[in-house]
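Chains as they are written, first to last, in this note's numbering: chain V, 69 to 144; chain B, 69 to 144; chain Y, 69 to 144; chain Z, 69 to 144; chain L, 69 to 144; chain H, 69 to 144.
Just so you know, the hints here were simulated from the structure itself, not pulled from any lab data. Take the hints with a grain of salt, since some may be wrong.
Just so you know, same-sequence chains aren't split out, so a pair can sit in one copy or run between any two.
As the list claims (entries may be wrong) - Each computed DSSO-like pair below joins lysine-lysine, with the alpha-carbon atoms no more than 30 Å apart: (1) Lys-84 x Lys-102; (2) Lys-94 x Lys-125; (3) Lys-102 x Lys-125.
These are the residues of each chain, in order.
Protein chains: 6
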Amino acid sequence: MIKMKVVLMSISARNKMKGIVKKVEKGTVAANVKVEVEPAVVTAMITKEAVEELGLKEGDEVQVVIKATEVMISKG
Amino acid sequence: MIKMKVVLMSISARNKMKGIVKKVEKGTVAANVKVEVEPAVVTAMITKEAVEELGLKEGDEVQVVIKATEVMISKG
Amino acid sequence: MIKMKVVLMSISARNKMKGIVKKVEKGTVAANVKVEVEPAVVTAMITKEAVEELGLKEGDEVQVVIKATEVMISKG
Amino acid sequence: MIKMKVVLMSISARNKMKGIVKKVEKGTVAANVKVEVEPAVVTAMITKEAVEELGLKEGDEVQVVIKATEVMISKG
Amino acid sequence: MIKMKVVLMSISARNKMKGIVKKVEKGTVAANVKVEVEPAVVTAMITKEAVEELGLKEGDEVQVVIKATEVMISKG
Amino acid sequence: MIKMKVVLMSISARNKMKGIVKKVEKGTVAANVKVEVEPAVVTAMITKEAVEELGLKEGDEVQVVIKATEVMISKG
């Protein structure tokens, strides 16, 4: 018999949306990553180090993660 | 003759997504606003003052606005 | 007869201050923009893409926009 | 034969530190959570909703997660 | 003879503006503080704990401090 | 008799941790600074200008400063 326990990690960040990496642009220390989150394209500025550690490249299935305190609302 | 010049305001924030307000929950100074941005629901924590100044209520057509430096990516 | 409806966009961000762009410094993916907001100079780190999309250059009349959750206070 | 593939989720946020929840204080929409990250205590302001979804309570083993763009440095 | 060395603490945050506290509104865990930074009024959402630790009250001379990565620019 | 009054500046940011600069990597406008905050290493992305103004270099004794609203919690 095989017992398995899979513990999924949960993060307090309220906003998590699945998408596909469309473009990775690396600078010296920063990087811009564009993720298609149908029907929008979300842009993330993260460290180049993170891009390399996660091995981010075009076509990757990823999630964009955004803390609720960082979201603004415009109207009109 | 009528001349009109409409100057649209543009903001440097890279991420703007249209949605419909689904829920507004007000605390003493903060507020949580849930916006349906098909197919996701985005949660924003903003000031109660902003909710009142914009008159945010269920059903409103709004945009969620997020600076690129605030977006993270998870993979796997 | 001419009917016009101008709908001004409002954003939940509490802090909006008018100023004049004093300097734009572009890196590979990021950019630093200095805006004179009398009597101070405000520095913004935004994406190079945003600088180009807005066509930001010295002398431009702009607004700096800052979400209330990002503001700290020091005393003493 | 049994094949298993465990894919660990990685997040671009550079700063992840293990700790123990010391205190959870809930407001109407926001919450303050204190996490002992030896030898420091880290304070997080997150949504009350996140506290409830994660079931955060005193004694929980957690990680604090902080994006590199949010970290400042002081000297002197 | 008396020797004194005063080392001023410097913080990497690019934006520091002097002002006078105009209003302090405390919630259960968060607080809104309005600071007159002539000619503008800046709103900060900070923890209630910080308000109490700094003893913030109307009339206090303070500085608002904002990291450059948190500043957006709008034009038009 | 000599009277001295030293007024320490306090900042509302809840999280301040002492550490030693381990690495400074400068890009065109941004910089990554790694600070050993025993037992962790904290990464900060700040402006290159701030690195130069503070004269940050390997071995410096510094503090990392993080606003509570920027801290997330993960569990599991």
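How the hints compare with the structure:
For the identical chains of this complex, Lys-84 and Lys-102 are neighbours both inside a copy (15 Å) and across copies (13 Å), given an alpha-carbon limit of 30 Å. In the homo-oligomer, the alpha carbons of Lys-94 and Lys-125 lie at most 30 Å apart both inside one protomer (11 Å) and across protomers (24 Å), since each shortest distance falls under that limit. Taking the closest pair of Cα atoms, Lys-102 and Lys-125 come within 30 Å of each other both inside a single copy (10 Å) and across two copies (25 Å).
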